[in-house]
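There are 2 protein chains.
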Amino acid sequence: MQTLEDRKHAARAAFEGLADRIIATFESLEAEASPALYPGSAARFERTPWRRPLKEGADQGGGVMGMMRGRLFEKVGVHVSTVYGALPADFAAQVRGADKDPNFWASGISLIAHMRNPHIPAVHLNSRMIVTSQSWFGGGSDLNPTLDAARRDDHPDTRDFHARLKTACDIFDKDWHPKYRKWADEYFSLPHRGEKRGVGGIFYDHHNSGDWDADFAFAKAAGEAFLDVYPQLVRRNWDTPWDAAERAQQAKWRGRYVEFNLLYDRGTMFGLKTGGNVESILSSLPPVAEWP
Amino acid sequence: MQTLEDRKHAARAAFEGLADRIIATFESLEAEASPALYPGSAARFERTPWRRPLKEGADQGGGVMGMMRGRLFEKVGVHVSTVYGALPADFAAQVRGADKDPNFWASGISLIAHMRNPHIPAVHLNSRMIVTSQSWFGGGSDLNPTLDAARRDDHPDTRDFHARLKTACDIFDKDWHPKYRKWADEYFSLPHRGEKRGVGGIFYDHHNSGDWDADFAFAKAAGEAFLDVYPQLVRRNWDTPWDAAERAQQAKWRGRYVEFNLLYDRGTMFGLKTGGNVESILSSLPPVAEWP
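Just so you know, the sequences run in chain order A and B. Each residue of the first sequence is one higher than the one before, counting from 1275 in the working numbering. Each residue of the second sequence is one higher than the one before, counting from 1275 in the working numbering.
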């Protein structure tokens, strides 16, 4: 019989394994990119472990921040963390199952890639298991093209990204992809501007179908789908040269990405409220952004 | 006998008059700056009126967004607005005196100047009168040096900025400057980083001493202090040449400014929650910011 501790252990191992494989794949791409378009030497990830401060002598977990600042990957973060302890009282009231007992456990991976070439869309991935008096999976992935012309549902990158996520979801339940794609459209948006952040993907939270094994398999499948499709989009676009006007479009859309992350992002909020590692939480912010 | 309507009218006229004089002064500085350090032609402010959408046919106010993108003033906004109507229910609960009756009236000026030369500090000014079932003044001004070396209490710019604001406050009550300077230190800070946003200034809210005429005079004096001292700081620093490393420091501190405005700024929150003009609310964001 599987205990809750077994499940936590398995989820953590899966997130950390996924991060390792993504990092290896991204380092290969960084090494392989054309020197003509991407001068300089290929970068590697720098991994920095961090711990949450002890609370009354008790360990509260921590994580590893992985950052690469490269020639193809202008700024990419792939982070894992496993944190636990008690949520601050004002925040516990907002977290499912924590209103009476603020103790929580959370493990996850988060990733954001800002690419140098504006023809390669930026991308975000998050996957986490959270335990309070309840337990669930949450996460998502969305594609953020930085050229106006690519911000369309009928662009090949958009189509392929959605199709691959759909395949991952459909194995489990045909209702999940439409539901989680719609949620992504609603969530990854800037209501103050009446704009979408990118072209969407999937977003899910409080995912608990009653079958933990299936839910865990789903979380893993969503991660594999990302690792399968995103490198294909990188390779498709990486040899397209760019100009200053395209970099300016990229900088503008990166500004929108900043607005989303600081105004609305649940992960940013959760991290800052639970005393997470500020440097890794805010590593999602782009290297350069413009508000012309 | 002065009615509430008289007071609203007077406050609005004062804010609009201050904006006009600041704009005239900034345009003079922009015109006068050395062509050697600031090539290109001098810019002028562009003023764009906007209205809040009608609600059930009723006018809800609006404002004028004033923007200049120039050679000395890389990006500066000087905005006035006078808005009224009903606050959204969830927001009304957080606004003093609006928990039972969501009707409000607010008029004010807001200003942020991002200068091209990293030796000239960025600056922010806000002044507003708000009426719910209660009425008060709020506002502040703070100096945001963009070079590490200038982010000190004993830097001449910091000293002169604080001294001038102190003079403005001390006319009314010797307790106000220490109180409002301390509040600025607390408010203009990034708790998630354990950093101050700049070198402070004054911040006040719910200012109502019981003597409206004195409070109005204080709000006006704070605006005059800004208009007196900031152009002096511009002139003191504008002939100092800068290099790429100093621009990089500026871009980093501008990133912090973005974090503050999107995570904590009350005015940004108030504007976005009350359906203000998004373009003028977010015009405070710097032209370029970096998170290296």
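Just so you know, not all the hints are guaranteed correct.
As the list makes no split between identical chains, a pair holds if one copy fits it or if it spans any two.
Below, in silico cross-link-like pairs of lysine-lysine (DSSO-like), each with a Cα-Cα straight-line distance of 30 Å or less [what the hints assert, rightly or not]:
1. Lys1453 with Lys1494
2. Lys1547 with Lys1470
3. Lys1329 with Lys1470
4. Lys1282 with Lys1470
5. Lys1456 with Lys1470
6. Lys1494 with Lys1329
7. Lys1456 with Lys1547
8. Lys1374 with Lys1329
9. Lys1453 with Lys1282
10. Lys1448 with Lys1282
11. Lys1547 with Lys1453
12. Lys1526 with Lys1547
13. Lys1526 with Lys1470
14. Lys1494 with Lys1526
15. Lys1456 with Lys1494
16. Lys1547 with Lys1440
17. Lys1470 with Lys1374
18. Lys1440 with Lys1329
19. Lys1374 with Lys1282
FYI, nobody ran anything at the bench for these hints, they're computed from the structure.
Evaluated hints:
1. Lys1453 with Lys1494: within (18 Å within a copy, 54 Å between copies)
2. Lys1547 with Lys1470: Answer is both; intra-copy 26 Å and inter-copy 19 Å each pass.
3. Lys1329 with Lys1470: between (40 Å within a copy, 26 Å between copies)
4. Lys1282 with Lys1470: Neither: 34 Å inside a chain and 39 Å across chains, both beyond 30 Å.
5. Lys1456 with Lys1470: Result: close within a single copy only, 12 Å intra versus 40 Å inter.
6. Lys1494 with Lys1329: neither (32 Å within a copy, 48 Å between copies)
7. Lys1456 with Lys1547: both (27 Å within a copy, 24 Å between copies)
8. Lys1374 with Lys1329: For Lys1374 and Lys1329, only the intra-copy Cα distance (20 Å) is at most 30 Å; the inter-copy one is 41 Å.
9. Lys1453 with Lys1282: within (26 Å within a copy, 50 Å between copies)
10. Lys1448 with Lys1282: within (27 Å within a copy, 59 Å between copies)
11. Lys1547 with Lys1453: So Lys1547 and Lys1453 pass the 30 Å test inside a copy (28 Å) and across (28 Å) alike.
12. Lys1526 with Lys1547: Both: 28 Å inside a copy, 23 Å across copies.
13. Lys1526 with Lys1470: Both, since 14 Å and 27 Å are each at most 30 Å.
14. Lys1494 with Lys1526: Close neither inside one copy (33 Å) nor across copies (37 Å); limit 30 Å.
15. Lys1456 with Lys1494: Answer is within; shortest intra-copy Cα gap is 20 Å, inter-copy 50 Å.
16. Lys1547 with Lys1440: Neither way: Lys1547 and Lys1440 sit 33 Å apart in one copy and 35 Å across, limit 30 Å.
17. Lys1470 with Lys1374: Neither. Shortest intra-copy (36 Å) and inter-copy (35 Å) distances fail the 30 Å Cα cut-off.
18. Lys1440 with Lys1329: neither (43 Å within a copy, 42 Å between copies)
19. Lys1374 with Lys1282: Within one copy only: 22 Å inside a chain, 47 Å across chains, cut-off 30 Å.
Checked against the numbered hints given earlier, the structure breaks hints 4, 6, 14, 16, 17, 18 and satisfies all the rest.
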